[in-house]
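Let the hints inform the model, and build the full structure from the sequences given.
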Amino acid sequence: MAIVRRADPVDLAIATAGEAARSARRGRLRRWLPISIGIVLAATMVVVAAAAPLIAPLSPSAQYADAVLKGPGAADRHVLGTDEFGRDVLSRIIWGARVSLEVGLVSVVFAFAVGVPLGIVAGVLGGRVEMLIMRGADMLMAFPTLLLALIIVTALGGSLSNEMLAIGVALTPNFVRLSRSLALTIREQDYILAARALGSGQLRVMARHVFPNALYALVVVATLYIATAIRTEASLSFLGLGIPPPTPSWGNILSEGRQYIKCCPWITTFSGLAIMVAVLAFNLVGDALRDLLDPRLKGE
Amino acid sequence: MSPSMRISACLVLLLTFTALGFVATPLAEAQKKVVNIAAKEPDTLDPHSSTLGQSQAIARFMFRGLARFAIKDGKVTTAEVEPDLAESWTLSPDGTIWTFKLRKGVQFHKGYGELTAEDVKFSFERQINKAPGTRYGVNLDVIKSIEVVNPHTVQIALKSYDPIFLLRMVGYQQGYILSKKASEKLGDQFKWNPVGTGPFYFDRHSPREKIVLKAFDKFHAGRPQIDEVHWFDVPEDATKLIGLEKGTFDLLYPEAVTCDFDDQVRKMGMVMDRRGPGGQERFYINITKPPFDDIRVRKAFMHAIDRNAIKETLYCRDLAKVATSVVPPGYFGHIPMKFPEYNPELAKKLLAEAGHPNGFTIKNYFISKSFFYPKVLTLAQEQLRKVGIILELQVVEHATYHENIRKNLNPFVLYGGTRITDADAWLSLFFDSKEIPDPATGNKGTNFSHYRAIDDLLAAGRVERDVKKRAAIYAEAQKRMERDLVCLPLNDVPGQWARNPKRVSTPFPADYGEFSLHYSYNYPELLKVLN
Numbered sequence: 001m002a003i004v005r006r007a008d009p010v011d012l013a014i015a016t017a018g019e020a021a022r023s024a025r026r027g028r029l030r031r032w033l034p035i036s037i038g039i040v041l042a043a044t045m046v047v048v049a050a051a052a053p054l055i056a057p058l059s060p061s062a063q064y065a066d067a068v069l070k071g072p073g074a075a076d077r078h079v080l081g082t083d084e085f086g087r088d089v090l091s092r093i094i095w096g097a098r099v100s101l102e103v104g105l106v107s108v109v110f111a112f113a114v115g116v117p118l119g120i121v122a123g124v125l126g127g128r129v130e131m132l133i134m135r136g137a138d139m140l141m142a143f144p145t146l147l148l149a150l151i152i153v154t155a156l157g158g159s160l161s162n163e164m165l166a167i168g169v170a171l172t173p174n175f176v177r178l179s180r181s182l183a184l185t186i187r188e189q190d191y192i193l194a195a196r197a198l199g200s201g202q203l204r205v206m207a208r209h210v211f212p213n214a215l216y217a218l219v220v221v222a223t224l225y226i227a228t229a230i231r232t233e234a235s236l237s238f239l240g241l242g243i244p245p246p247t248p249s250w251g252n253i254l255s256e257g258r259q260y261i262k263c264c265p266w267i268t269t270f271s272g273l274a275i276m277v278a279v280l281a282f283n284l285v286g287d288a289l290r291d292l293l294d295p296r297l298k299g300e
Numbered sequence: 001m002s003p004s005m006r007i008s009a010c011l012v013l014l015l016t017f018t019a020l021g022f023v024a025t026p027l028a029e030a031q032k033k034v035v036n037i038a039a040k041e042p043d044t045l046d047p048h049s050s051t052l053g054q055s056q057a058i059a060r061f062m063f064r065g066l067a068r069f070a071i072k073d074g075k076v077t078t079a080e081v082e083p084d085l086a087e088s089w090t091l092s093p094d095g096t097i098w099t100f101k102l103r104k105g106v107q108f109h110k111g112y113g114e115l116t117a118e119d120v121k122f123s124f125e126r127q128i129n130k131a132p133g134t135r136y137g138v139n140l141d142v143i144k145s146i147e148v149v150n151p152h153t154v155q156i157a158l159k160s161y162d163p164i165f166l167l168r169m170v171g172y173q174q175g176y177i178l179s180k181k182a183s184e185k186l187g188d189q190f191k192w193n194p195v196g197t198g199p200f201y202f203d204r205h206s207p208r209e210k211i212v213l214k215a216f217d218k219f220h221a222g223r224p225q226i227d228e229v230h231w232f233d234v235p236e237d238a239t240k241l242i243g244l245e246k247g248t249f250d251l252l253y254p255e256a257v258t259c260d261f262d263d264q265v266r267k268m269g270m271v272m273d274r275r276g277p278g279g280q281e282r283f284y285i286n287i288t289k290p291p292f293d294d295i296r297v298r299k300a301f302m303h304a305i306d307r308n309a310i311k312e313t314l315y316c317r318d319l320a321k322v323a324t325s326v327v328p329p330g331y332f333g334h335i336p337m338k339f340p341e342y343n344p345e346l347a348k349k350l351l352a353e354a355g356h357p358n359g360f361t362i363k364n365y366f367i368s369k370s371f372f373y374p375k376v377l378t379l380a381q382e383q384l385r386k387v388g389i390i391l392e393l394q395v396v397e398h399a400t401y402h403e404n405i406r407k408n409l410n411p412f413v414l415y416g417g418t419r420i421t422d423a424d425a426w427l428s429l430f431f432d433s434k435e436i437p438d439p440a441t442g443n444k445g446t447n448f449s450h451y452r453a454i455d456d457l458l459a460a461g462r463v464e465r466d467v468k469k470r471a472a473i474y475a476e477a478q479k480r481m482e483r484d485l486v487c488l489p490l491n492d493v494p495g496q497w498a499r500n501p502k503r504v505s506t507p508f509p510a511d512y513g514e515f516s517l518h519y520s521y522n523y524p525e526l527l528k529v530l531n
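From first to last, the protein sequence lines are chains A and B. First residue of the first sequence? That's 1 in our numbering, and the numbers climb one at a time after it. First residue of the second sequence? That's 1 in our numbering, and the numbers climb one at a time after it.
Incorrect hints may have been included.
To be verified - Think about it this way: if two alpha-carbon atoms lie no more than 27 Å apart in a straight line, the pair counts; the simulated DSS-like pairs of lysine-lysine are:
#	chain 1	residue 1	chain 2	residue 2
1	B	LYS72	B	LYS101
2	B	LYS144	B	LYS469
3	B	LYS246	A	LYS70
4	B	LYS369	A	LYS70
5	B	LYS72	B	LYS528
6	B	LYS191	B	LYS444
7	B	LYS375	A	LYS262
8	B	LYS210	B	LYS528
9	B	LYS267	A	LYS70
10	A	LYS70	B	LYS321
11	A	LYS70	B	LYS375
12	B	LYS375	B	LYS338
13	B	LYS159	B	LYS130
14	B	LYS386	B	LYS159
15	B	LYS246	A	LYS262
16	A	LYS262	B	LYS468
17	B	LYS181	B	LYS104
18	B	LYS218	B	LYS75
19	A	LYS262	B	LYS72
20	B	LYS386	A	LYS70
21	B	LYS267	A	LYS262
22	B	LYS144	B	LYS528
23	A	LYS262	B	LYS210
No lab work stands behind these hints: they were computed from the structure.
Now the structure itself:
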């Protein structure tokens, strides 16, 4: 026997104007809260990195033989404690933000600058050029980002510039693929046809019409890849293939603290938290930007 | 009995036997006395071929020499030796011919037969002839010829009298005797199929996991109480400590015993087996490489290094001592030396005088990522930065580091080691001009200072039979090195392993009950599994 549920009067009630306003506020809050948190965290990180010499309480490489492996607050001046050489963990994390941001931004800019033009050329021109570019990108994509970066850093040696280059190269095929797929869609649009009819050459079409129309999606993805780059940098440093000592990076602080995880967990905890917050910040910003800019998600 | 009852009875019996079969094997396994060791994986099991600590430590479980370090008053000393594979020995009146009578009935592992004089001759000659991979031929350079008198007598003629020849014959590095038959039969495979006469024989190797050694029933001093030794490859000290606490491991061979490591071991109720004379960590300064060819720069370097801070940061309490000489205490010939005190201002002044008022930068300075190397160098790097000497580090694998320092890529070299406890052996390996590493000739020696000023003293010391005169010769050598500022010794660090005393016992006191060199346990056959 079929079960029939009768509608309650409540179900049929028409929302009042006040409820609609509250619902709209909740909707706005849901939409803007993550992006606000993300922007605040990312901005804080940028400020901390830029002002590291001013706000770090001590030099990140200064060693205090009388304060080795002291916990947070256990020794004067060391708010987050010290590491195995008596170096201030807080100062190292503050200075480490510079490395993480530098690597995150520069490697993504590199990948963007190399990958996007190649992807657009492949998408617009098609044919052999497309095949050549895309097979190259496929080859690079066959390796996971971390593995590819690891191979490049091992070959070139560990340094800040090599690390940026390695992560940049590892991220490039992602931008190639995305920009090509965007270009494939955009080139079929009427305004492209109109531009061609008006005599625009391939280069002009790509630069003036395809690129600007693909930009919003690319910026969203680039923001998300900053988080990936920060994670990859931390992983490389953790594996001992990142920036050589004594320059602090969150990954090498984590790696050095690993052997003291039982007695002195503050070293790994605070550096791990820094990585987590940074990745979260850029992921939130990226997600929110996508929600804001993607026309398909408009009105959701 | 009805047929169904008979079938039931048969089934019950069958099940009982099956169950017993399943239970019997694990019971036998459980009764085995197994010692689980956490250390790094050796790079080879050929005892003549590796300078790595873990390779030398495991070699002592499988190999023996003609002599061994003596047990005196319940402790092991590295100053005196007693017969081991040899039963006795005599020295000719002119001091150049040693005759060793071998112990009869000593068996090699895996049925390779009885030890004979041929095996002794083979073991030394392969090193003297620099067989591929062998590293200790230099310690046997004094040998002119080896003659097999009969299967149990071997005569070794020396080029000249050698006051420490018996120390060279101890089962350690060049002194190990291996099976000629096995070595010739196995060729390159010998390094992972070693055959010696020690208390344990090699059973199997699972790369990057563990090496299993088993008790040798025919060991000449009697079968060890332990049935099996499982040598696990555990690179991280933190992982080793967790394993010790959980009972996974009974003995730990740490990378570096820092204050934190020592504290954790003691908190767990475990013990540190501490042994002298241990190793010495030191900086060799390449006196041929600018700017260190200028003695003022070398002096500035030494004034810039705060040795006390390095010791206190890494090895608090009595975990190490600030080194007092390039020849460590406990080695024959040691005298205290004076080194430039920590004084960064004076260092800056000296650098300015030498034409480096703003200091200088050393690019691509290589450093190993293992053991104490990165720790000591991180401390020194900051101290040198304060006087303007900037080190741009390249952190590399330990093997690569060894390779690069022998290519003279570092203008000063951090190195640690332990050798036969006599100034002759020590200084000959580290400061004799024959040991200057040279990629062009393939010389992989360890005179990283490229020092040549004590060759005459070393030559004189090798033929001197008077103990006091020998001591005076080495005192003079140390004074010359003090004058020339070629090496800055940092810390004298004892050899240390962590042990679970509820699981494994040793007959020697934990605190300096044994003196040993690279291997931690001179007498692994005396270790016992408890419970």
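Hint by hint, here is what the structure shows:
no.: 1; hint: B/LYS72 x B/LYS101; result: 23 Å, holds
no.: 2; hint: B/LYS144 x B/LYS469; result: 25 Å, holds
no.: 3; hint: B/LYS246 x A/LYS70; result: 26 Å, holds
no.: 4; hint: B/LYS369 x A/LYS70; result: 24 Å, holds
no.: 5; hint: B/LYS72 x B/LYS528; result: 20 Å, holds
no.: 6; hint: B/LYS191 x B/LYS444; result: 20 Å, holds
no.: 7; hint: B/LYS375 x A/LYS262; result: 19 Å, holds
no.: 8; hint: B/LYS210 x B/LYS528; result: 21 Å, holds
no.: 9; hint: B/LYS267 x A/LYS70; result: 18 Å, holds
no.: 10; hint: A/LYS70 x B/LYS321; result: 23 Å, holds
no.: 11; hint: A/LYS70 x B/LYS375; result: 17 Å, holds
no.: 12; hint: B/LYS375 x B/LYS338; result: 25 Å, holds
no.: 13; hint: B/LYS159 x B/LYS130; result: 18 Å, holds
no.: 14; hint: B/LYS386 x B/LYS159; result: 51 Å, violated
no.: 15; hint: B/LYS246 x A/LYS262; result: 13 Å, holds
no.: 16; hint: A/LYS262 x B/LYS468; result: 52 Å, violated
no.: 17; hint: B/LYS181 x B/LYS104; result: 18 Å, holds
no.: 18; hint: B/LYS218 x B/LYS75; result: 26 Å, holds
no.: 19; hint: A/LYS262 x B/LYS72; result: 40 Å, violated
no.: 20; hint: B/LYS386 x A/LYS70; result: 24 Å, holds
no.: 21; hint: B/LYS267 x A/LYS262; result: 12 Å, holds
no.: 22; hint: B/LYS144 x B/LYS528; result: 42 Å, violated
no.: 23; hint: A/LYS262 x B/LYS210; result: 25 Å, holds
Hint check: violations occur at hints 14, 16, 19 and 22; the rest are consistent with the structure.
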